[in-house]
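2 protein chains.
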Amino acid sequence: MAKQPSLEISECPVARAMETIGERWSLLIIRDALDDIRRFSDFHKSLGLAKNILSSRLKLLVEIGVFEVHPAADGGAYKEYMLTERGRSVFPIVVALRQWGEQHLFEPGEVHSVLLDKAYGEPVTLIDVRSAHGSVLRPEDCYRRREVKQQPNERAL
Amino acid sequence: MAKQPSLEISECPVARAMETIGERWSLLIIRDALDDIRRFSDFHKSLGLAKNILSSRLKLLVEIGVFEVHPAADGGAYKEYMLTERGRSVFPIVVALRQWGEQHLFEPGEVHSVLLDKAYGEPVTLIDVRSAHGSVLRPEDCYRRREVKQQPNERAL
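From first to last, the protein sequence lines stand for chains S and B.
According to my numbering, the first sequence is numbered sequentially starting from 1.
According to my numbering, the second sequence is numbered sequentially starting from 1.
These are computed hints drawn from the structure, not numbers from a lab.
Be aware that one or more of the hints could be misleading.
Note: identical chains are not told apart, hence a pair may lie in one copy or across any two.
Cross-link-like lysine to aspartate or glutamate pairs, in silico, EDC-like; alpha carbons within 20 Å at most [stated by the list, open to error]:
(1) K118 to D141
(2) K51 to E63
(3) K149 to E110
(4) K45 to E11
(5) K118 to E140
(6) K149 to E107
(7) K59 to E19
(8) K149 to E122
(9) K118 to E147
(10) K45 to E80
(11) K149 to E68
(12) K149 to D74
(13) K79 to E147
(14) K118 to D32
(15) K45 to D128
(16) K45 to E110
(17) K79 to E122
(18) K79 to E11
(19) K59 to D42
Only chain S is shown next, with the shape it has when bound in the complex (with noise of 0.2 Å):
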């Protein structure tokens, strides 16, 4: 059996991106933070997942800065689980898989939520790659280099 690599040190992004939120739960826990949701009883309800799973997961999100941790806005005794700038930055992952399983995984007939923008009723654009001239690039129209990063991250881990 081979060994398996570290994904966390990783020279490519997207390797180390699956090992920090690439995980299914912590990605839909994400997706419901979008949405507003901020409590463990209301996690817990939208995703119907194990609590020890889901208090795991809030847990490693927390340590990698994805969200912090509040007191309730309404002076109650439980705790809110607010994203961060970080956390808030996954946005368009989410929306990118949202768009791709639209596409993809439902029949006619089926039913799926759509996004749109509350300015007017209309479906958000689908995302694409694109150039900084604007053309819409494909997976044939790019190349990689090596770069060694330059400015900070916003928060360090």
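Knowing the structure of chain S, use the given hints to seat chain B on it.
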């Protein structure tokens, strides 16, 4: 312990997408295929995961229409895993994961790959969520509505 809901029949396209391609290795296999890797031995060399796991993930990805298996282009004995259009359309998801990783998971001085377009040699633009009118949308600018799917998938599952 709460009953685990089946994400495959969820009305949420994010949940279905995660259930279908969201497994860590599955998305990294698709990432490699987008970089033109086509053979079992090359996926194995790139990912370093156990052969039985690689084999089961490739089988699943063929079953859900992300890959088609072809005879080797050079007439050799090895088969090749070619991305379908459904598989190629995972590209924006992989790029969104990449960009989140680049922004949040590397310290200054660490090396990572960046994605550039071949025509200009410039980094691809940051993926964001936009309205039909071109404005960048934050999570709180959006809402969801249930809809009945009208158009058939490009290929039935």
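Evaluation of the provided hints:
1. K118 to D141: between (34 Å within a copy, 6 Å between copies)
2. K51 to E63: within (18 Å within a copy, 32 Å between copies)
3. K149 to E110: between (45 Å within a copy, 6 Å between copies)
4. K45 to E11: Between copies, since 16 Å is at most 20 Å while 38 Å is not.
5. K118 to E140: Answer is between: at 9 Å across copies they meet the 20 Å cutoff, but 35 Å inside does not.
6. K149 to E107: between (44 Å within a copy, 7 Å between copies)
7. K59 to E19: within (15 Å within a copy, 22 Å between copies)
8. K149 to E122: between (38 Å within a copy, 16 Å between copies)
9. K118 to E147: between (39 Å within a copy, 16 Å between copies)
10. K45 to E80: within (15 Å within a copy, 44 Å between copies)
11. K149 to E68: For K149 and E68, neither the intra-copy (26 Å) nor the inter-copy (37 Å) Cα distance is at most 20 Å.
12. K149 to D74: neither (42 Å within a copy, 39 Å between copies)
13. K79 to E147: So K79 and E147 fail the 20 Å test inside a copy (41 Å) and across (34 Å) alike.
14. K118 to D32: within (18 Å within a copy, 37 Å between copies)
15. K45 to D128: Classified as neither: same-chain Cα gap 33 Å, cross-chain 30 Å, threshold 20 Å.
16. K45 to E110: neither (23 Å within a copy, 40 Å between copies)
17. K79 to E122: neither (35 Å within a copy, 44 Å between copies)
18. K79 to E11: This pair counts as neither: shortest intra-copy Cα distance 36 Å, inter-copy 29 Å.
19. K59 to D42: Answer is within: at 16 Å inside a copy they meet the 20 Å cutoff, but 36 Å across does not.
This entry does not satisfy hints 11, 12, 13, 15, 16, 17 and 18, going by the numbered hints stated previously.
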